[in-house]
Amino acid sequence: MKNKVFDILIIGAGAAGAAAAWNLSGNGYKIMCMDQGPILKSDTYSFSQANWESLKLKKFNINPNIRKLKSDYPINDKNSPISVANFNAVGGSTILYSGHFPRFHKSDFKTKSLDGVGDDWPFDYEDLEPFYDLNDKITGVAGLEGDPAYPKINNLLPPVPLEELGERMAKTFNKMGWHWWPSYSAIATKNYKSRKKNSRSEVNVTYWPKAISNGVKLKANCRVKKITLDKYGQANGVIYFNSQNIEKFQKASLVIVTCSGIGTPRLLLNSANKLFPKGLANSSGLVGKNLMLHPLGYVEGRFNKFLKSFKGPEGCCIASQEFYGTTNGAKHKRGYTIQVLRGSGPLETALSLRKFKNLKFGKKFHGQFLKNYGHTIPLAIICEDLPEKHNSVELDHKIKDSNGMPGIKINYKLSENSKKMLSHGISKAKELMKKAGAKSIVGFGPVRHTGWHLMGTTKMGVSKKNSVVNEFGQTHDIKNLVIADSSVFVTSGGVNPVSTLQAISLRITNEIKNYPKKYFRNYKE
Amino acid sequence: MIKIKRNSLKTKIFFKGIIDTMIPASNDKLMPKASDAINMNEFLLNILRDKYLIIKLNKFFFYESKNKKTNFLELGKVFAKSKDIENIIDKDLLEAYFSSNLVKKQLNKKAGKNLSKKKTKNKDNTLLLKLVKNSSLRYKHM
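Chains as they are written, first to last, in our numbering: chain P, 239 to 763; chain H, -16 to 125.
Excised from the complex, chain H in its bound form (with noise of 0.2 angstroms):
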């Protein structure tokens, strides 16, 4: 029987198949895939503690591992799709996707896509002074 190892990289393959499958490339490859923007052995270390997980791992690895050839990348794309896994390692995915400095550097230059052509001008004291003039209060006088 297979088992699941912290250190392996049977391990990191696997789920690098799982967390590619979870968070993909965009579309336009703008916004990386889970394995590019994150560091592998820190997310293992974290959600490679949760017992319940690798308890859950190893029956998986039991069954999918009895009468074929253990391609593991493949085996975690097959893992992902199954859903159990989601809700075990959500946050922590999440958390290290969008913590990575790849994903805060696609999303700021996606954010510069997005303005208009324009150059926006920052908007000063003349225009809050012009929108706030027109403010008024129900108040009661003591």
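Here chain P stands alone, though its shape is the one from the complex (with noise of 0.2 angstroms):
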């Protein structure tokens, strides 16, 4: 069969990947997106199972050296006191995600001018801002208006429930005074478009259905190897495993990579030639540098009465900024964000419970599990990360994948800001959960599996010196080779990013239509 030339190729059909496919789909363009991962019917993802806590356990967990599917690398994370949490299939981590749908702060786009640490991006949120209310629309995005926090934010689906745990914090963040609001989630929480009323919003519903029906051709269990170049040094395709594992070659005018903070930086590495000894489009030395996981702390109080703290969707209730940013009076720079989650279902709480030596066998366990379960309230305090060089993602040629491509390792180490930073939110948190009448509180951090949120190796920036994407993701160094995913990221804000990394990629791919010529070599109109 000849070899099709596509004008795009689109690698990885995650958060990024198929917001891309979806902007750009419509326009005329041949556009093909690659998955290393396999399309999931919605029915077996762990969320639609009665067994879902065991399915989290295993092919269903967010650690991948855990699941070793056939879509997975392995990751060597030694060197780093957080691991990465991920998903590789097509819908990426938001087959797992809970939902948490914040934007980022308009300060988090200037943190160098404002507070003197890390860098500013080249836009503004009001550059963004279009393009997060594109995304909030698309996905449908559960909220409530007048958050103080952020500039306004429109049509936003009803919030999610309280329950009676959200209703105790909410009470006492008012104690305290703190800021509060409710979570901003891709949940439905009522009917909307083609979702039922309390389901996840997940690309696989979002935006991939639309992008199919608009001609994408999506490719699963499709490993990209390397991206090669031409004799002009530009972008001309891909060699990939297909789904037999026999290698390939995919001509393509365009190439957008769209394969997570680390997943990027792996294939740039693993691309590299003779022009690019050091990866593609690497003449900055950045690729894979600068990389940022926000440090998460947890607190969680016990309460005598039962709160039925599980109840509700899973992560989303409520959240604070009343620290984010930088405090007054902090020994630390920049900020993090106080969310309120959701109790664990009934299997977790008895392996936590039995990992800090609570849970005991014979005649106590059921009074010991009772005393717990829908007794607690978790807060996880998600600290901002900045960038340094030092934190960084390389290849490791001593691990392989199930095609042979080497694994990837994470060397990170916290920063002393963010070590205070830590420390100040957890004592902030259960000083809150003190006040919530907690008869026992826990605290402690960085939790170690908590690396779902994988920033800044292929940094964003207008000098190619030090940085390796324009803020349109076209790199300095190949014009017709563009990143759109989180890895672009400047800063890390201290917010879940996925908003962010998805209204980013549209405002990328807004640009791409807009101006082809700049990306495409012999554009013809």
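Source of the hints: derived by calculation from the structure; they are not laboratory data. Please note that the accuracy of each hint is not assured.
[Said to hold, decoys possible] Using 25 angstroms as the maximum straight-line C-alpha spacing, the simulated DMTMM-like pairs for lysine to aspartate or glutamate come out as follows:
#	chain 1	residue 1	chain 2	residue 2
1	P	593	H	73
2	P	602	H	19
3	P	609	H	11
4	P	593	H	75
5	P	601	H	3
6	H	116	P	383
7	P	546	H	11
Given two chains presented individually in distinct reference frames, assemble the corresponding complex, making use of the accompanying hints.
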């Protein structure tokens, strides 16, 4: 069969890739998207199953080193206090995520100017705002208008239910005089477009159906090995392994990489050639550097009262931005979000109690378990991570994936700023929990298995010397190679990144639509 | 010497003794004992993949079965009390127990019993708006 040339090849069918595919589709381009993982039916997701807790321990585990599916690649994270969490399939991590969907703050784009740390983005919140709005409209975001932490956000679905846990914490925040607001959540709190009430909005229901009906060709179980260049040093396609593990070549005029903050540098580094011996588009030396992870603190209060704290959408309830940005008098720069989560299900409760030696087998078993199940309120403290070059992703040739490609090694250390911030956050969260009436409180951080937010490894900027891509994701070195995921982040903010990375993907692909000559060699009107 | 065999009835009875000692029925009889809740065949298939466990069990069997009539149920209870087995099978047992439909059903009943006698109304936007009105933010303006 003759190898068809596609105008645009998108690598990675997760949150960013899906948004990119949708936005570019229906404009006359021949578009293909490849993903190393399979297409899963939504009724097979862990969330949809009665034994969801059990599935979360195994094939829907957030840790790829535990899952070890064919679509996963090994990650050496011995050199990091935080291990990577992701999911490799069409839909990416949105298949597993709880749906937290807050935006970045205005200040997140100006940390250098405001606080003397990190760097300023090459655009502002206002430049991204139309794309946040568009993404919210397509996704269906639950929330409440009027949040003083943000400029006006419209078109929100009704907020997720407080339940007793949320009501208690809301009253406590009020007693403390701290900001709180219902969580922005990608959960359809009423029937919305094709989504049933209470379903999570992941990209297999938001973006992919329309992108595919517009003609995007989606190829699952295809792992890209290298991006190749022509004799002019421009991207001309990819070498990939098809679903039968046979190596193939796919031609394309424009390549867009959306493989996440670790997958993207992995691919670029693996695509090293004579022209780019340190990795594709890596003349700056920054591909894989400045990895940011959001160190997470955890505080849990146990209450005598049975709160049915497991009730409600997992993870999403209310959140406080009281300590977001730099707090006057604090020893750290920048800040964090306190998220009120939901109590664990029965299995997670039992395993957690057992891990911390609070559950003994025998006659006391049920009493100990029932004293905790539905009686706990967990808080997550999501700390803004500052970019530091020594925090990095590199290829690890000692470990291989199912196609023989090298895995990756994470090198990550918590900065002194992060340690101070975590300590501050845990202390404040404990104070909050005490005020709420908790009878016992535990708190610690960074929690190891929380590396969901992978950012900064192909940094965006104006100068070719200290960035990999420009403000529209175009690599400085190769004009028809674009990156449109969280690896382009300049700073990490103190909130979940998916809303922002999708908005950026939409902004980048909008630029491609409007100014194709900047990207396509020999573009004809 | 009696050796542990994966598919034998004696093995099932032995493990019934172990797991029912580890997770007995609750005093109010609402929460079942482990063997009433879990699928023993599946459970044994999982845990008896562990070669270390097999070796440990065979050693135990050798010592315990020498001078006594072998009552496998009682043997299981004795073995459970030695605590050796807990750390080996605890995660599998908890997973099997709390994934079982019977336990989930009973937990839901328990949740129902613990609710106040008054019907709890759904908290709607009115309450949320009332609560959030007092929310304040220390916010830096750019």
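Numbers of the earlier hints that this structure fails to satisfy, in rising order = As far as the earlier hints go, not one is violated by this structure.
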